[in-house]
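Asker: In order, the protein sequences belong to chains A and B.
No gaps in the numbering here: position 282 of the first sequence is 281 in numbering that gives the first Met the number 0, and each next residue is one more.
No gaps in the numbering here: position 331 of the second sequence is 330 in numbering that gives the first Met the number 0, and each next residue is one more.
In case anyone wonders, no lab produced these hints; they're calculated from the structure.
Don't take every hint at face value.
No copy is singled out in the list; a pair is fine if it fits within one copy or between any two copies.
As the list claims (entries may be wrong) - Calculated cross-link-like contacts (lysine-lysine; reagent style DSS-like; alpha-carbon spacing at most 27 Å): (1) K222 with K133; (2) K222 with K160; (3) K160 with K181; (4) K133 with K276; (5) K276 with K449; (6) K83 with K285; (7) K181 with K83; (8) K449 with K285.
Residues per chain, in single letters:
2 protein chains.
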Amino acid sequence: MALRVYNYLTRQIEEFIPLHEGWVGMYVCGPTVYDHAHIGHAKTYVSMDVILRYLRYLGYRVRYVQNITDVGHLLDTGEDRILKGAARERMEPMELVEIYTRSYFEDMDALRVTRPDISPRASGHIPEQIELVKQLLARGHAYEADGSVYFSVESFPGYGKLSRRRVEEQLEGVRVEVEPGKRHPADFALWKRAEPEHIMRWPSPWGWGFPGWHAECTAMSTKYLGQPFDIHGGGVDNLFPHNECEIAQAEAATGQPFARYWLLAGTLTVGGVKMSKSLGNFVTIKQALERFRPEAIRLFILNGHYRSRLDFTEEALEAASGGVERLHSAVAALRDRLRAADDRGEVDTAWAERLAEVRARFGQAMDEDFNTAGALAVLFEFTREVNALLASGASVNQATLAAIDGLYRDLGETVLGLIPDPLPRQAGAGLEDALVRLLIELRQEARQQKDWARADAIRSRLAEIGIILEDGPEGTRWRLGR
Amino acid sequence: MALRVYNYLTRQIEEFIPLHEGWVGMYVCGPTVYDHAHIGHAKTYVSMDVILRYLRYLGYRVRYVQNITDVGHLLDTGEDRILKGAARERMEPMELVEIYTRSYFEDMDALRVTRPDISPRASGHIPEQIELVKQLLARGHAYEADGSVYFSVESFPGYGKLSRRRVEEQLEGVRVEVEPGKRHPADFALWKRAEPEHIMRWPSPWGWGFPGWHAECTAMSTKYLGQPFDIHGGGVDNLFPHNECEIAQAEAATGQPFARYWLLAGTLTVGGVKMSKSLGNFVTIKQALERFRPEAIRLFILNGHYRSRLDFTEEALEAASGGVERLHSAVAALRDRLRAADDRGEVDTAWAERLAEVRARFGQAMDEDFNTAGALAVLFEFTREVNALLASGASVNQATLAAIDGLYRDLGETVLGLIPDPLPRQAGAGLEDALVRLLIELRQEARQQKDWARADAIRSRLAEIGIILEDGPEGTRWRLGR
């Protein structure tokens with residue numbers, strides 16, 4: 000059994016063999032931090048997170064690098080996203096970057112996405128990008144024009160190898176800026192001249208300017224992972240032009256291959272259409288988290304294949320919430336039994352076999368290009384068996400219960416990030432609620448026994464603690480009185 | 000009434016008048032991220048936080064910049080702190096930086112220290128530092144030697160203006176590296192040549208190297224705040240050589256003054272001596288937070304003057320914990336009364352006067368170089384009056400209670416950061432604990448009435464919820480069984 004991945008570079012399923020045994024270098028294109036992250040980001044980064052988690056679960060040491068784009072990402076209109084955001088919020092660009100970088104990591108932490116080992120910023124790697132441009136100029140793959148430097152796509156025969164577009168096709172559907180001095184319309188900027196009023200600019204051999212968006216990912220991935228490195232991930236939206244340009248820059252500059260496996264996540268739509276602010280179907284991660292718990296959002300994403308398109312609907316999220324509930328309540332019941340169990344003994348033979356089988360089938364699914372939907376199906380089928388076992392009243396020894404729990408910890412949590420320990424409190428089912436309900440029952444019993452003094456004492460002592468009981472036709476409810 | 004501050008530059012108390020009306024630029028030297036932050040950092044950054052909070056409370060718009068030193072900070076031995084840490088933990092330097100930067104902000108968030116508006120990294124501002132060095136070379140204040148560039152202290156008459164040391168005194172107690180090509184022993188490195196095995200290095204006009212530690216703060220403060228700017232803060236430990244060198248670099252490079260007010264926090268000792276790992280008296284913020292709540296650590300710090308030396312002792316922290324407890328329980332009682340109050344009416348005249356007086360006295364203390372100890376004394380004296388009012392049984396209307404609460408919110412929370420809303424749960428006095436204690440009492444009563452069935456039912460139903468009762472000679476204790 001070996002891990003096989005779909006490599007966008009070859010458009011084939013291939014066995015995954017890292018360059019250095021046991022060690023994986025992985026780079027993922029990170030966000031442009033000019034606004035709060037949306038659920039499309041959740042899809043990309045939860046998908047990449049599970050790839051990372053599975054690699055680590057398999058025993059690989061992974062260095063995971065994910066950048067922060069805080070300069071140079073221009074819109075089709077030629078406007079700088081960061082500067083546009085800074086103008087909108089009337090602040091210094093780096094203040095804006097600070098706010099949205101923090102917001103991004105808050106969202107990722109909430110979604111239980113593993114932090115990158117290194118999260119380099121584009122603005123923090125200007126010298127590295129200038130070096131890259133100098134190399135490309137020296138090797139004849141770039142030219143300077145009017146204080147900017149462009150990559151010459153015709154100089155690099157490999158251009159188009161990832162997107163499989165010929166140069167003449169590449170311009171279709173892409174707005175091409177009219178830039179003085181650009182020799183071919185498909186050529187792209189490595190360095191852009193900045194006017195004096197442009198706030199984010201740096202000195203360079205070509206005058207004051209700022210790097211083209213694609214330069215950062217080439218410079219930072221190879222700085223921290225070497226060249227070539229193993230895995231380049233991200234969203235498939237960036238396949239062209241961004242990822243294509245990254246390859247061209249890296250390979251033209253050094254003559255060495257760039258990334259060996261390209262694993263790209265499919266896009267997310269909302270109600271069947273592309274998310275956009277103007278359509279009013281734009282959902283931020285913070286908005287989604289107000290309504291659904293993090294594990295539900297993860298399960299929703301992992302129920303699809305990472306490469307596929309996924310549609311965000313109310314129904315799908317509610318179904319995922321139900322799935323998480325089933326998983327959590329089975330594990331909660333299992334752990335209750337485990338805590339109560341105190342008999343010694345070996346793992347039951349039949350269960351040991353079944354656990355090995357479940358682990359193997361889960362691994363088979365994951366080994367086939369991270370088929371999380373298949374892996375989840377295995378986990379849910381197994382959960383039905385666990386529920387049946389717990390409901391049957393059959394005696395199960397501690398070792399067996401612990402082995403079942405171990406499977407949930409490894410597959411459900413370590414790999415998929417769905418079963419935090421401790422489990423999240425059920426809404427309205429927390430310890431406080433359980434304690435107050437017990438007190439309400441004791442008061443009810445006292446009343447039935449016509450022990451009014453005891454019943455009243457319970458009510459008044461609860462009031463002292465700050466809990467108000469309200470008797471109504473549907474029984475007694477409680478609320479916090481302070 | 001006006002804010003007056005002690006300016007280290009003039010060694011005098013001066014009225015604070017910002018350069019641009021209503022707008023303050025403030026820079027504070029941040030941590031070198033090669034290890035977890037210690038309580039000395041807590042003292043510096045809580046002190047600076049309250050200065051920032053008070054300025055904002057006064058209505059200033061403050062841009063607060065605090066750097067992250069992730070390169071170039073050499074030990075007296077000439078070793079790079081980051082590289083030494085990375086070697087210790089066997090990782091890529093930037094992985095180490097990532098871990099400890101995150102750890103630092105976790106600690107600061109826990110201590111309720113306001114985040115900087117911009118937290119620039121030294122490694123992210125190499126071009127800016129190179130520009131600075133080029134300017135100094137062009138103006139004859141620096142010279143190149145063997146791939147490194149040094150600042151010539153004799154070329155800048157203002158050198159020593161902050162620390163008030165003459166050049167010949169400056170070398171006392173400071174270990175001077177023997178560096179080939181250095182013309183005067185007090186000259187300091189602006190740029191250091193890096194050997195090929197040095198991982199953190201960048202190309203420059205003088206070959207591959209890295210910036211001297213002092214360069215970053217000059218380059219980053221002026222980039223984001225302009226030159227001159229209003230306030231330079233930090234710990235007084237860095238007065239010499241670091242702050243002195245920052246001034247020399249900035250002023251020699253441009254002929255303009257650098258920072259206008261220097262506000263420096265005194266050092267923290269532990270048990271009367273300087274904290275050091277070898278002495279075994281090194282306390283990280285995480286360790287301190289395991290034992291004391293964040294507000295207790297803040298109160299302990301604010302009970303001294305920010306410029307003074309402060310000694311961290313068990314007793315002082317316990318006293319501070321008691322102080323926070325008094326403050327929180329008064330505010331909790333006040334808010335209980337406020338929630339229960341429903342009468343209309345104006346603020347009681349006598350209380351309105353008293354509140355204005357308290358605010359004025361608090362402000363007078365803070366206006367005198369941020370005399371937080373004096374401000375706290377005002378708040379605690381007022382709290383005794385509030386406690387007396389609440390205990391007296393006198394009727395107080397809603398408006399008056401709300402006005403008292405407003406004072407706590409403004410002075411206790413907005414300025415000092417001591418009274419979060421909601422208030423933290425008391426240790427061992429939370430709602431859960433109160434509920435379980437009530438159930439233990441009910442069980443005890445049942446036992447006294449020899450109603451063993453009822454007593455046992457309470458115990459077993461608690462066990463179902465996951466709470467285990469343990470009867471012992473000192474009474475019944477409880478713990479979570481799940």
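Asker: Would you mind marking each hint as holding or not holding in the structure?
Answerer: Comparing the hints with the structure gives:
1. K222 with K133: Answer is both: 16 Å inside a copy and 26 Å across each meet the 27 Å cutoff.
2. K222 with K160: Within one copy only: 23 Å inside a chain, 41 Å across chains, cut-off 27 Å.
3. K160 with K181: within (22 Å within a copy, 53 Å between copies)
4. K133 with K276: neither (39 Å within a copy, 46 Å between copies)
5. K276 with K449: This pair counts as neither: shortest intra-copy Cα distance 59 Å, inter-copy 67 Å.
6. K83 with K285: Result: close within a single copy only, 22 Å intra versus 39 Å inter.
7. K181 with K83: Only inside one copy: K181 and K83 sit 25 Å apart there, 47 Å across copies, limit 27 Å.
8. K449 with K285: neither (49 Å within a copy, 54 Å between copies)
Going through the hint list in order, the structure does not satisfy hints 4, 5 and 8.
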